[in-house]
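Under this note's numbering, the sequence shown has 1359 at position 262, and the numbering climbs by one with no breaks.
In short, the hints are calculated from the structure, not lab data.
The reader is advised that the hints may include incorrect statements.
Said to hold, decoys possible - Below 20 Å or equal to it, Euclidean Cα-Cα: the simulated DMTMM-like pairs (lysine to aspartate or glutamate) are:
{"id": "1", "residue 1": "1748", "residue 2": "1352"}
{"id": "2", "residue 1": "1310", "residue 2": "1678"}
{"id": "3", "residue 1": "1723", "residue 2": "1448"}
{"id": "4", "residue 1": "1380", "residue 2": "1317"}
As the list claims (entries may be wrong) - Computed spacing ranges between beta-carbons, pair by pair:
{"id": "5", "residue 1": "1280", "residue 2": "1385", "range": "21 to 29 Å"}
{"id": "6", "residue 1": "1757", "residue 2": "1236", "range": "26 to 34 Å"}
{"id": "7", "residue 1": "1177", "residue 2": "1280", "range": "19 to 27 Å"}
{"id": "8", "residue 1": "1476", "residue 2": "1557", "range": "26 to 34 Å"}
{"id": "9", "residue 1": "1112", "residue 2": "1476", "range": "38 to 46 Å"}
{"id": "10", "residue 1": "1142", "residue 2": "1311", "range": "36 to 44 Å"}
{"id": "11", "residue 1": "1557", "residue 2": "1715", "range": "28 to 36 Å"}
{"id": "12", "residue 1": "1675", "residue 2": "1547", "range": "25 to 33 Å"}
{"id": "13", "residue 1": "1715", "residue 2": "1635", "range": "46 to 54 Å"}
{"id": "14", "residue 1": "1614", "residue 2": "1567", "range": "12 to 20 Å"}
{"id": "15", "residue 1": "1156", "residue 2": "1388", "range": "35 to 43 Å"}
{"id": "16", "residue 1": "1381", "residue 2": "1112", "range": "29 to 37 Å"}
Only a predicted model underlies this, so the values are computations on that prediction, with no experimental measurement involved.
Here a beta-carbon is modelled for each residue, glycine too, at the ideal position from N, C-alpha and C.
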Amino acid sequence: MPSAGIVPRRAVQLAALFAMMVAFTAQLVGALLPVIPLFIAASVVNLGLDLVLQHKQPGLLAVLGRIRFDVTVRQLLRDMLILVGLLHIDGINPLEEQAPLTITLLLFYGTHFVCQAVAVLVRRTRSLPFVTRNIDASALRLCDAPPRILSRQTGRRLLRFSVPTTAGMMLTSITTDAYWGGIGLAVSLALSAGGTLYLGTWLLPKKRVANEKQALEWLDNWLAEYQPTVGMYFSGGASSAYQANMWLSTLAALDGNPIIVLRERFMVQKIEATDVPIVCIPKVANLMRLEHSTLKVLLHPANSGKTSQILRIPSIKHAFTNHGESDKLSSCNPYAKAYDEVWVAGPAARDRYQLADIGVEDKDVIEVGRPQLAPIQPYAGAPAGRPATVLYAPTWEGWDGNPGNTSVILAGENIVRELLADENVRLLYKPHPMTGSVDPRAGAANSRIQAMIAEANAGRSGARPGPEAAAELARRTEELDALTTSAFRKSADELERMRLQGTPQEGRAAAVDAAVTAWEAAYWNSFPQWEHRIITTARPGIFSCFNEADVLISDVSSVVSDYLTSEKPYAVANTSGMSEDDFRANFPTVRAATILTPDASGVAGLLDAVRNPEQDTLAAERAELKEHLLGPSDPPSSVRFNQAALALGTKADERRIRMESRLSGIPGQRSQDDVNDAGTAGHETSGASDTTAAV
1098 MPSAGIVPRR AVQLAALFAM MVAFTAQLVG ALLPVIPLFI AASVVNLGLD
1148 LVLQHKQPGL LAVLGRIRFD VTVRQLLRDM LILVGLLHID GINPLEEQAP
1198 LTITLLLFYG THFVCQAVAV LVRRTRSLPF VTRNIDASAL RLCDAPPRIL
1248 SRQTGRRLLR FSVPTTAGMM LTSITTDAYW GGIGLAVSLA LSAGGTLYLG
1298 TWLLPKKRVA NEKQALEWLD NWLAEYQPTV GMYFSGGASS AYQANMWLST
1348 LAALDGNPII VLRERFMVQK IEATDVPIVC IPKVANLMRL EHSTLKVLLH
1398 PANSGKTSQI LRIPSIKHAF TNHGESDKLS SCNPYAKAYD EVWVAGPAAR
1448 DRYQLADIGV EDKDVIEVGR PQLAPIQPYA GAPAGRPATV LYAPTWEGWD
1498 GNPGNTSVIL AGENIVRELL ADENVRLLYK PHPMTGSVDP RAGAANSRIQ
1548 AMIAEANAGR SGARPGPEAA AELARRTEEL DALTTSAFRK SADELERMRL
1598 QGTPQEGRAA AVDAAVTAWE AAYWNSFPQW EHRIITTARP GIFSCFNEAD
1648 VLISDVSSVV SDYLTSEKPY AVANTSGMSE DDFRANFPTV RAATILTPDA
1698 SGVAGLLDAV RNPEQDTLAA ERAELKEHLL GPSDPPSSVR FNQAALALGT
1748 KADERRIRME SRLSGIPGQR SQDDVNDAGT AGHETSGASD TTAAV
């Protein structure tokens, strides 16, 4: 069944369409009879309704466009009905008064279409073959964008510029004096013609940006000057940006000159605050220019349909880092064998790839840990003098309909009910942002869980932080937003944003980190320790929730692996239908977890182990599993990750040397790979050589 929110919205949309059809009908009837009050009211309401829908329901009007009843047709029909109405009103001379009005109206539409043509030309000249951020691109002659009403909002421009015409014609229908209609039409014509001329100034040399050839030459020169060595490649939808954002700090800390390569223009603004230069190159032909750059290594946090395009560049070595590791099959995608190396956190992932038998060779699997887990604080002991804080962070339902993907549907309400029944528990509920996007049952269960938590909070009371805590949070929020939020004019386009987001201020990245830390502290201090929290926003992040929690309840997901770095107790809900023994055998990440059944039995025992460490029988197993999943703590993950990047870059250098030697015809010094290849070939032919010698 459709949700409660969808039905009223559809009803409103249908009512709006019906009202527009009624207005057109009433305008026609009022024009032909003529009934002047009806004619005037219908004309005004018809135009006003279209103006409102342009702002409130543009998608609904797009449907009308698909049936060839777009805004131009609608406004032209309204104006024609007005002219028909004036013909039927006594006292208006068709030849002496209405003919000039008709001619002026045609001139107005002529300037409207000329403005549309100029807008197309301006948009084309302001579309570069790439988009940048954190790069000084002033040499491309970037300037502010023209007003949206002129360059991109064709429908709104026509409707707004038609308001004086409609107002003047209505006064003419009341007074039978064509003077008012002429004034209205003159104002509309002046607005349209003046807007067209003003928009045309963006085609003049002073406001004209570099053409495609000049822009690509600039990009080549910038790459040669900056000399990138290691980068991150990312392509995906708007909701997948978090997969790239989790690697920003790690990329920025690598030795060399980092770069971020994107493929979708909208993704440039989805990447969070970073000082790393960003280049978005949508076309494959332009992407191939990276082959002639100094770029040696690209890291891939996700697979996408466009990944194969960058893999065609042989001078760049490619490493798949993924955006999280879990025991799910999605963590062992056969596509991984397309990369030069697969970087994993620890031995568990290495074993997972070999057991999956998907063609990824063990020598290509590199253990680098999870460097972004550094902010997670270690276990500090049982909660003393305060409620135990439980973080319930279920994952989403996934694409395959497996009931074991998420606990929200089968176990979520039972788990939350058990936790809320304990007066000495504070619950932090942070569901996956995509919960309910595939299975409506998950969305419905998520809504019920949030309602349960809100009801439980209403029944609790206690001391609350003073107003200074809220004031501190507001201050920290303002500071953080000033550092991480890019404010643009409504009319700003890609080129204007490129100009405004040029070279970042020195030390901005460190300032953002400090501001995030301060904001998180202010956030938690602004709420009482007895109050349950529902966290569905990006901030506070999952790592901040880890640090606030005494215990985690989750599903089989990368959340569990990341949380284990703290060595705190955790539980995993088993909604797969497997027995507990089979569940533990199939999913190594739950080996040191308390297993919860769909009825939430085991929650009480879990809380006892949190409050009484002597009852925590899994502490040693968590420490062992942590190393199995995430690798050793010495050397630190950040060091191992950097070493892996440098080593892969060395392989790219060796290949380049080999290729240069072959192309020049001068035998070069063979790399270790060549020696190994020769040695392997020697072993393969040794049997035949021995046989020949024996003969």
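Outcome of the hint check:
Pair hint residue 1748 plus residue 1352 holds up; C-alpha atoms about 16 Å apart against a cutoff of 20 Å. Annotation: proposed proximity of residue 1310 to residue 1678 is violated, straight-line Cα distance about 64 Å (limit 20 Å). As the CA atoms of residue 1723 and residue 1448 are separated by approximately 15 Å, the hinted pair is consistent with the 20 Å bound. Restraint check for residue 1380 and residue 1317: satisfied, since their Cα atoms lie roughly 15 Å apart, inside the 20 Å limit.
The hint said 21 to 29 Å for the Cβ distance between residue 1280 and residue 1385, and at roughly 59 Å that hint is violated. Hint check: residue 1757 to residue 1236, Cβ distance near 31 Å, so the stated range 26 to 34 Å holds. One distance hint, 19 to 27 Å for the beta-carbon pair residue 1177 and residue 1280, holds here, with the actual separation near 20 Å. At roughly 27 Å, the beta-carbon separation of residue 1476 and residue 1557 lies within the given 26 to 34 Å, and the hint holds.
At roughly 58 Å, the beta carbons of residue 1112 and residue 1476 sit outside the given window of 38 to 46 Å. Residue 1142 and residue 1311 have their C-beta atoms about 51 Å apart, which leaves the hinted 36 to 44 Å range violated. Checked against the given bound of 28 to 36 Å, the beta carbons of residue 1557 and residue 1715, roughly 30 Å apart, stay inside it. Range check, residue 1675 to residue 1547: about 29 Å between beta-carbon atoms, so the 25 to 33 Å window is met.
In this structure the supplied range 46 to 54 Å is violated for residue 1715 paired with residue 1635, their Cβ-Cβ distance being about 32 Å. Our hint of 12 to 20 Å for residue 1614 and residue 1567 holds, since their Cβ atoms are close to 19 Å apart. The hinted range of 35 to 43 Å is satisfied by residue 1156 and residue 1388, whose Cβ atoms lie roughly 42 Å apart. At about 47 Å, the beta-carbon gap between residue 1381 and residue 1112 misses the expected band of 29 to 37 Å.
Going down the numbered hints, you'll see the structure goes against 2, 5, 9, 10, 13, 16, while the others check out.
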